[in-house]
Amino acid sequence: MANMNMIQALNSAMDIMLKRDPSVVLMGEDIGYFGGVFRATEGLQRKYGEHRVIDSPIAEGGIVAAAIGMGANGLRPVAEIQFADYIYPGFDQIASELARIRYRSAGEFFAPVTIRTPCGGGIRGGQTHSQSPEGIFTHVSGLKVVMPSNPYDAKGLLITSIEDDDPVIFFEPKRLYNGPFDGDPNKPAVPWSSHPKGEVDEGYYKVPLGKADIVRAGADVTIITYGTMVFVAAAAAAALNFDAEIIDLRSLVPLDVDTICSSVRKTGRCVVAHEATRFSGFGAEILSIVQEECFWDLEAPIQRVTGWDTPYPHAFEWEYFPGQARVTTALKTVMEAT
Amino acid sequence: MNKHSRLHLPHPPARPGEAPDFSYVQLSPAGAVARPDVNARARDIEPLSINLVRVLDDAGNAVGPWHPHLDPAELQIGLRHMLLTRAFDDRMQRNQRAGKISFYIRSLGEEAVSVAQCMALRPGDMLFPSYRNQGLQIARGIALVDLMCQLLSNTRDMCKGRQLPVMYHSKAGNIFSISGNLATQFPQAVGWAMAAAIKGEDHLAASWIGEGSSAEADFHHALLFASVYQAPVILNVVNNQWAISTFQGYAGGEQRSFAARGPGYGIAGIRVDGNDFLAVYAVTQWAAERARTGAGPTLIELVTYRAAAHSTSDDPARYRAKNDQEHWPLGDPILRLKQHLIRLGEWSEPRHEALTAELEALVASSWKQAASFGTMTEGPRLNADLMFEDVFKEMPENLQRQRALMRAEVARSGGDRSEGT
Ligand SMILES: Cc1ncc(C[n+]2csc(CCOP(=O)(O)OP(=O)(O)O)c2C)c(N)n1
Ligand SMILES: [Mg+2]
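Going down the list, the protein sequences come from chains R and Z. Counting in our numbering, the first sequence runs from 1 upward without gaps. Counting in our numbering, the second sequence runs from 1001 upward without gaps.
One or more of the hints may lead you astray.
Claimed, not checked - Pairs of lysine-lysine residues, derived as BS3-like cross-links and limited to a Cα-Cα distance of at most 27 Å, are as follows: (1) LYS1368(Z) / LYS1100(Z); (2) LYS206(R) / LYS19(R); (3) LYS1322(Z) / LYS47(R); (4) LYS187(R) / LYS1393(Z); (5) LYS1199(Z) / LYS1171(Z); (6) LYS1100(Z) / LYS1160(Z); (7) LYS1171(Z) / LYS1393(Z); (8) LYS332(R) / LYS266(R); (9) LYS1160(Z) / LYS47(R).
Think of the hints as simulated: they come from the structure by calculation, not from any bench.
Sequences are here, hints too, so could you generate the full structure?
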């Protein structure tokens, strides 16, 4: 076991997979010699060579397309898109191609591509370095969509994603790279070394896709969330002294419906929280499922905590970000409803 | 001989710890490249995309057919704009380091590109800049205070707090809103130019893109549409050799010049010494005349060097040779124009020093004024309600509702929206 931040954990996952499987290759902008703008691939080109850790042109459509070609020809590419905000030039290749090759070729062709990309706000990145577009990808049939909230999970989920024969879009909440964040920017930063999930096995291990993590067991209310909001929601619930059950989904597709529903059946109350915008966001899918599966167990209407339906504004970082205050309002609303 | 195929992986000539080496840059002597007629057909002038148009020689003389014969007063204005751009950059860099703005991007070493090109165009021509074209804003006469208020996201910010620093725009100045997404505006400029032609106006459009960003599909859309419709547009690739840590070879600059993409699409391509104010001016003037006379679009590759870090988030010591900009064969654009003016007897060291001091004082007083409209930590602050405006022309009901929720949230947390870190 070693202390790792999320970047180091991701680096360790890629290091292990490059070593175990000669078909694994990494590709992306600035990832090779430089080691990536967030340093996630630091040292890997030196260790595995320029044919395994490949610097690419600035062309996200090209990166995804080339990864598909490599994947179809026997490699297991892990592509990095420098920021999730820049994934859109690759969207056609992802939605029309990557997601459907297996289906349209009756299973004869497939491309086991993993696309890693930093997402989310809280870093003063303005509208082009803060987006949470996961819901756009969960809406495309044929893609798996993952978002870890801590170093331990990040490593295990990335290894699982790389080994998966289906395409995986792997979102990394960049505000969590260096430590857990409870949504309060005025507090001093907390490093991962002070958190149990910063303790990471140095070897090979997997965290399964489609298995949510119950971060905290509780009886009063279920909070279903993922990414940065795991910590924000936990802090808000703790401050209110509610006995909340907090579920970190970890993977959105496949989705752990059983864990969600057994929790809601137990608590009868439910809050869904994500950083992404509200309208047609992934929260709406969870709400629908809970309503379909647990309607007769619900004691209050389900509440959603989300970013506002605007682009992410540079000057209003904390008025935009769904911080503890927004979670608190939602929690009180579900708890007070009779 | 290899018995199997293998990949070529481009390498920059020098990494940290190695000696800078710019022998890969293809140079032409000043004055050596012919100047074709403005309505020459693209296919007849292909060598322009391989050679390098230069006017200023090493001694600071202006030579050859591209000499634009500008009035010394014009040259002095050009020098002033470049010096102001540099003084502005210097000060904003320091402000970022001092925590007064969240982010900044300098254009050090590339000032001639924006300033000379802007001066060669008309005020009615539409500009689609990248984030490293602050010289365009300055040469177009946008007030420093306005630029600074954008950097501060303060109460006078033209973007109303919505954009990262340096993503300016000026409706009145005919400068389009800068996007943080690379390359997207290159084909938009072509569309703008097409509209100008459809409407029968004689304005042209010009856009700027980094050589690294020319890898994006949008670059190719721009060239194709410009070629098909022969739109009145000037498409500029600023080849400053680096895209963050990635050398220009990774954008395909090793096999062929960026200017040569032009003839590939059937449009004129021309490669110019980007640190030579006179050459940049002359080439842009030539391209503008082509556009205005129906001779079609031009792709200009401006060969220059990114002398500073990519941005305030970057440290080039990690990936390129130390002080390599000092070895850049095309020198520094400000020093070269200064030398030329001195040679003409139209400038002097004391005048240069006095102007530099004057411009630094202008930047300082502008900053003081800008800061009075609010900074990240002090003074007035933009109303957060603004976040919900301009998503649509009319604010829909769900946003009105969310705005009310946001207000309540802020009120409950004591209305204190300041930020410690
Ligand atoms: C679509 C997109 N992909 C990636 C980025 C991240 N990024 C910002 S600047 C940059 C390098 C651009 O280099 P170049 O085009 O050469 O311009 P320069 O910075 O040298 O002026 C990259 C990769 C982005 N902003 N947009
Ligand atoms: Mg560049």
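Verification of the hints:
{"no.": "1", "hint": "LYS1368(Z) / LYS1100(Z)", "in the structure": "holds (12 Å)"}
{"no.": "2", "hint": "LYS206(R) / LYS19(R)", "in the structure": "holds (16 Å)"}
{"no.": "3", "hint": "LYS1322(Z) / LYS47(R)", "in the structure": "holds (24 Å)"}
{"no.": "4", "hint": "LYS187(R) / LYS1393(Z)", "in the structure": "violated (38 Å)"}
{"no.": "5", "hint": "LYS1199(Z) / LYS1171(Z)", "in the structure": "holds (19 Å)"}
{"no.": "6", "hint": "LYS1100(Z) / LYS1160(Z)", "in the structure": "holds (18 Å)"}
{"no.": "7", "hint": "LYS1171(Z) / LYS1393(Z)", "in the structure": "holds (17 Å)"}
{"no.": "8", "hint": "LYS332(R) / LYS266(R)", "in the structure": "holds (18 Å)"}
{"no.": "9", "hint": "LYS1160(Z) / LYS47(R)", "in the structure": "violated (47 Å)"}
The structure does not agree with the numbered hints 4 and 9 stated previously, though it agrees with the rest.
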